[in-house]
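A.B. asks: Sequence:
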Amino acid sequence: MSDNQSTPAMKDLPIRIQASGKRPEFDSMGTVEVPADRYWGAQTQRSLIHFSIGDDRMPKEVYHAYGYVKKAAALVNASAGRLPEWKKLAIVRAAEETIAGELDEHFPLFVWQTGSGTQSNMNVNEVISNRASYLLGGTLGTQQPVAPNDDVNMGQSSNDSFPTAMHIASVQEVDDHLLPQARELAASIEAKAEEWAEVVKIGRTHLEDAVPLTVGQEWSGYAAQLRACIAEIEHGRHGLLELALGGTAVGTGLNAPKGFSRDVAAQIAELTGKPFVTAENKFMAQGSLDPMVRAHGALRGLAVALMKIANDMRWLASGPRTGLAELLLPQNEPGSSIMPGKVNPTQCEAIVMIAIQVLGNDSTVAFAGSQGNFELNAMRPVIIKNFLHSARILADGMQKFRTFSVNDTKLNKEKIAQYVNESLMLVTALSPVIGYQNAAHIAESALANDQTLKEAALASGHVDEKTFDSIVDPLSMVGQGPSGA
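The numbering of the sequence shown is our numbering, which starts it at 338 and goes up by one.
I should point out that these hints are in silico values taken from the structure, not numbers from a laboratory. Source: prediction; values computed, not measured. Hints may contain errors.
[Said to hold, decoys possible] What follows is a set of in silico ranges between Cβ atoms, one per label pair, in the way DEER data are often shown:
| # | residue 1 | residue 2 | range |
| --- | --- | --- | --- |
| 1 | 715 | 542 | 46 to 54 angstroms |
| 2 | 708 | 773 | 32 to 40 angstroms |
| 3 | 386 | 543 | 53 to 61 angstroms |
| 4 | 736 | 677 | 27 to 35 angstroms |
| 5 | 367 | 487 | 29 to 37 angstroms |
[Said to hold, decoys possible] Pairs of lysine-lysine residues, derived as DSSO-like cross-links and limited to a Cα-Cα distance of at most 30 angstroms, are as follows:
| # | residue 1 | residue 2 |
| --- | --- | --- |
| 6 | 747 | 679 |
| 7 | 737 | 791 |
| 8 | 791 | 750 |
We put the beta carbon where it would ideally sit given N, CA and C, even for glycine.
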């Protein structure tokens, strides 16, 4: 149907196609048979044939993000008079269904495909084209009245639209899931730090006894780690707000009208509610994936911090009778199929495994990011797959960790007090008074003779009982607040 014919009316048709068997679809290389009840076309089907590798599918979040790209492009193209209003309305309707996930079953492609993401871009173009044509009364497979390349992909290339979809999907995942969960976990840990601000415990360095601090101070360190990670993620997110769209094939903007990149970025910002802008340098935006690498580096930092916190918690909860046993973790489920009554620090273990996975993902993202050649980095699918995987498991893991471990963790105050009373490193407070060597000999004697620190100190003759009691006071040794002295 040509544009100068009567304008077709858009119908309110259900998404599901009532058809069976196969139908022919075509592209520049010829005709391909596709399932009759699917909206995709020839290039999608070719990809399914040539790249059915493993079980790793392109994340649906990429397609939802692509819905914003196609909707924004249609709005801008129509506003510029390049796309008829009736085509715009049909494309926008199909793009909105894509954004909402209503067309998810029509996006079946694997991660392991062309590194530019061209096949996924064409998957979107074909689905939106066929869906829009279907709504307008057209026949599926004819590319009429809405064509995938000429209409849905107007002013675009896979080389600029796929990294744009990557950035949109990543920002939405970070903003809507990861950062809220990180902030909630940090707040929960801060609440514990405040609750336990006055509980004195023995610190440990090199896995050996050290001088006292409070449990609150220890947990304030965990919270500060998370707050620093949140700041880094927020900083790394800024690079993802720059969009490559408008650079087309190699960054020059060939076949895109003047102002397209600026206008479409503004339209995407309005549609998503995120402050997206056009990338200042499209050659950098398309020849590299550096913003994705840097942003994932911030996720790696969060994984490192979470591993530290989870490992500390599971060690401090070890026992209940032959470990450190300072923490009492919630008992959520049986821990053994053979040992009755055993309960394990499973939420901590899950966080550690998540952190290990994210560190592995980061190596993949960094390596793939280094593989840009000339005007294109052709490792895009593996980067976005790993980025979204990391962000999602970190967010979900922190939510479960907070809900089922941190919030209901309690202190074994008797065990903590026992360790304080038995510690030999309290002798550190005597060092300024009697000298380092004398203090060291007292600690050595106490350990060798199975004495308390006070017994060994009095036996040394270097200090009397009154002086010992006035100096070796654990509470006076912890300083003030998180900063210590």
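A.B. asks: None of the hints should be skipped; say for each whether it holds.
C.D. replies: Hints versus structure:
For residue 715 and residue 542, the hinted distance range of 46 to 54 angstroms is satisfied, since their beta carbons lie about 48 angstroms from each other. Range check, residue 708 to residue 773: about 55 angstroms between beta-carbon atoms, so the 32 to 40 angstroms window is missed. Between residue 386 and residue 543 the CB atoms are about 58 angstroms apart, so this pair conforms to the stated range of 53 to 61 angstroms. The hint said 27 to 35 angstroms for the Cβ distance between residue 736 and residue 677, and at roughly 30 angstroms that hint holds.
Under the hint 29 to 37 angstroms, the C-beta atoms of residue 367 and residue 487, about 19 angstroms apart, miss the expected range. Note on residue 747 and residue 679: the hinted pairing holds, with a Cα-Cα distance of about 18 angstroms set against a maximum of 30 angstroms. Taken as a hint, the residue 737 and residue 791 pair is broken in the structure, with Cα atoms around 45 angstroms apart against an allowance of 30 angstroms. For the hint linking residue 791 to residue 750, the alpha-carbon distance of about 22 angstroms falls within 30 angstroms, and the restraint holds.
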